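J.: What follows is the residue order along each chain.
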Amino acid sequence: MEVTIGLISITCLLGGLFFLFVGTFGLLRLPDVYNRLHATTKCDTLGAGLVLLSLALQSNLAVGLRLALLIIFILVTNPTAAHLIARAAYKSGIRPIVKGRISDE
Amino acid sequence: MNIPQILDFSYGLGAIVVMLMIFLSLIRALAGPTAPDRVAAINIIGTKTLIIITLIARIYGQVYFLDIAMIYALMSFITTIGVAKYLEKGALD
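Protein chains in written order, with my numbering: chain A, 125 to 229; chain B, 387 to 479.
Okay, chain A solo, but in the shape it has when bound (with noise of 0.2 Å):
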């Protein structure tokens, strides 16, 4: 049972690392910023959810709670910062770019 528990922890753990590693890939390399909020936001969000949850599988139930609440926090907070950042984004005059041209204008 306690292998178990931690071949999934080690599971989480190692794909929570991948989807922070893609959100980061994504930041690097799309050409606008919208893009790049597509990009980081969920992978962001995904991956901290699954690197806390790996380590609420490991833990007692007062860190668990602690760590449940962390993982609310952050899928509460992170789309709604990114939402809040293109909004600044399109409000301040940035437009998307639709294959190298730039739209709606």
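Just so you know, these hints were derived from the structure itself, not from any lab. Quantities reported herein were computed from a predicted structural model and do not represent experimental measurements. We put the beta carbon where it would ideally sit given N, CA and C, even for glycine. Do not rely on the hints blindly, as some may be mistaken.
Stated by the list, open to error - Straight-line alpha carbon distances no greater than 25 Å define the calculated SDA-like cross-link-like pairs of lysine to any residue that follow:
hint, chain 1, residue 1, chain 2, residue 2
1, A, Lys166, A, Val127
2, A, Lys166, A, Ile218
3, B, Lys475, A, Asn159
4, A, Lys215, B, Lys471
5, A, Lys166, A, Ile221
6, A, Lys166, B, Met456
7, B, Lys475, B, Leu399
8, B, Lys471, B, Ala401
9, B, Lys471, A, Thr204
10, B, Lys475, A, Gln182
11, A, Lys166, B, Thr435
12, A, Lys215, B, Arg424
13, A, Lys166, B, Leu399
14, A, Lys166, A, Phe197
15, A, Lys166, A, Asp156
Stated by the list, open to error - Okay, the calculated bits of chain B under chain A, using three or more residues with CB under 8 Å as the criterion:
hint, region
16, 423-435
17, 453-466
What the hints assert, rightly or not - Facing chain B, a subset of chain A residues (Cβ under 8 Å, in silico):
hint, residue
18, Gly139
19, Leu141
20, Val146
21, Leu152
22, Asp168
23, Val175
24, Leu193
Based on the hints, put chain B in the right spot on chain A.
T.: Below, chain B without anything else, positioned relative to chain A:
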């Protein structure tokens, strides 16, 4: 090598890997052409710092580091909201 040793090792290695990802995100924060790029990169760095704090709490076995992580997440969110509102309206009122 049994399972708890492998877990301790992989949590330490994961903290180092997340730290390298913070440096990669810092490239975008330094070089991003527009201001929302930098804000997005700083937001991502905040999330990754939170992950490092929780991994360090597991490595050192200190429970109160999780409270620090919670406060850090709150401060990062409020900072992002403030800067985004400043970018949108040009003022903070």
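J.: Could you run down the list of hints and mark each one as holding or not?
T.: Each hint, compared with the structure:
no., hint, verdict
1, Lys166(A) with Val127(A), "violated, 30 Å"
2, Lys166(A) with Ile218(A), "holds, 22 Å"
3, Lys475(B) with Asn159(A), "holds, 23 Å"
4, Lys215(A) with Lys471(B), "holds, 10 Å"
5, Lys166(A) with Ile221(A), "holds, 20 Å"
6, Lys166(A) with Met456(B), "holds, 20 Å"
7, Lys475(B) with Leu399(B), "violated, 42 Å"
8, Lys471(B) with Ala401(B), "violated, 32 Å"
9, Lys471(B) with Thr204(A), "holds, 13 Å"
10, Lys475(B) with Gln182(A), "violated, 45 Å"
11, Lys166(A) with Thr435(B), "holds, 17 Å"
12, Lys215(A) with Arg424(B), "holds, 16 Å"
13, Lys166(A) with Leu399(B), "holds, 23 Å"
14, Lys166(A) with Phe197(A), "holds, 14 Å"
15, Lys166(A) with Asp156(A), "holds, 16 Å"
16, 423-435, "holds (count 8)"
17, 453-466, "holds (count 7)"
18, Gly139, "violated, 11 Å"
19, Leu141, "holds, 6 Å"
20, Val146, "violated, 10 Å"
21, Leu152, "holds, 6 Å"
22, Asp168, "holds, 5 Å"
23, Val175, "holds, 5 Å"
24, Leu193, "holds, 7 Å"
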